[in-house]
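Participant: Based on the hints, put chain B in the right spot on chain A.
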Amino acid sequence: MWYNKFVDLLTVSVTARESAGEPYTLVEIAGEADVTNTDELRRLLDEEVSQQPRTLIIDLSGLRFMDSSALHALLRVNRSLDRQGGVLALVSPQAAVAKILRLTTADRLIPVFDSVADAAAG
Amino acid sequence: MAWDGKTARRVPAGQEAFTRQPVPRPDGDGPFPPLPPTDPDDPMSYTYTTDLAAIRAVVHRYAIQAGLTEARAIDLTLAVSEVAANTVKHAKSPGSLKIWYDTQEIICQIHDEGIITDPLAGRRQPSLDALGGHGLWIVNQVCDQVEMHSDETGTTIRLHMTLPRADAGH
Numbered sequence: 001m002w003y004n005k006f007v008d009l010l011t012v013s014v015t016a017r018e019s020a021g022e023p024y025t026l027v028e029i030a031g032e033a034d035v036t037n038t039d040e041l042r043r044l045l046d047e048e049v050s051q052q053p054r055t056l057i058i059d060l061s062g063l064r065f066m067d068s069s070a071l072h073a074l075l076r077v078n079r080s081l082d083r084q085g086g087v088l089a090l091v092s093p094q095a096a097v098a099k100i101l102r103l104t105t106a107d108r109l110i111p112v113f114d115s116v117a118d119a120a121a122g
Numbered sequence: 001m002a003w004d005g006k007t008a009r010r011v012p013a014g015q016e017a018f019t020r021q022p023v024p025r026p027d028g029d030g031p032f033p034p035l036p037p038t039d040p041d042d043p044m045s046y047t048y049t050t051d052l053a054a055i056r057a058v059v060h061r062y063a064i065q066a067g068l069t070e071a072r073a074i075d076l077t078l079a080v081s082e083v084a085a086n087t088v089k090h091a092k093s094p095g096s097l098k099i100w101y102d103t104q105e106i107i108c109q110i111h112d113e114g115i116i117t118d119p120l121a122g123r124r125q126p127s128l129d130a131l132g133g134h135g136l137w138i139v140n141q142v143c144d145q146v147e148m149h150s151d152e153t154g155t156t157i158r159l160h161m162t163l164p165r166a167d168a169g170h
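Line by line, the protein sequences are chains A and B. According to this note's numbering, the first sequence is numbered sequentially starting from 1. According to this note's numbering, the second sequence is numbered sequentially starting from 1.
The following block holds chain A by itself, in its conformation from the complex (with noise of 0.2 Å):
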């Protein structure tokens, strides 16, 4: 593990694996992410896209909530990630956080998978 932050509500995780030899980084986000802690969301993923990693899984499985800054948040890694070749995937959501996916289409824009094990074989 790299790190494991607690932002007041928010608990974000990175961890490096791979995938049939494939490197891939893991984020994952616990908690609920909104306009009070977005700021420091974005810093963490910024972090991450600065590692230039050539595919990025943000499992959603712990976050009980996002609001559309946090989504902006995300939307920017994917802008951020697709402009240097890299991939986001998106891994697990609960119906909160699905539902401002799939109502602002970012569900089509991002791939959303049902496992880490999925995402990483793309």
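These aren't lab readings, by the way, just hints derived from the structure by calculation. Keep in mind the model is a prediction, meaning the values are calculated, not measured. Don't take each hint at face value.
[To be verified] Sample of chain B residues at the chain A side, in silico, Cβ under 8 Å:
1) L52
2) R56
3) D75
4) S81
Cβ coordinates follow ideal geometry from the N, Cα and C atoms, glycine included.
Facilitator: Only chain B this time, still in chain A's reference frame:
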């Protein structure tokens, strides 16, 4: 808990650390028509600054208590959180939230001192490339009715969700 049918019911207070205070009534003119008057018997009132998680917990609890399904309670919670997020971003003072419900619907009314100048704010879908502006649009998507009034004294947004029992009656 007593159910008296017609008038908005008093909902029991939980253990949340909020102060109850009266919320100013919207009036005045400008680009927004005044909100229709309501006369909730005894709405629950809360003030908030940045404690949005607590506000979400309260809204979700009352939404379930009023009879919304879990999915619709999630919608209302998301909507209130988005409106309250605007308070955190744009208003320089705390916001207030009132919640009341009757047999037909549950209503959450949020007031803060921020000012919205566009009467159509939240009515158009922003592009995913937009850096902001999804909040009010989401609110309009998930709620059955959204009323908004803004003038120099602040903004009041009233969110309505129809209860399933009322739907079944139609």
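Participant: Now tell me, hint by hint, if it's right for this structure.
Facilitator: Hints, verified against the model:
1. L52: Nearest chain A Cβ about 5 Å off; hint holds.
2. R56: holds (6 Å)
3. D75: Holds: closest Cβ of chain A sits about 7 Å from D75/B, inside 8 Å.
4. S81: holds (5 Å)
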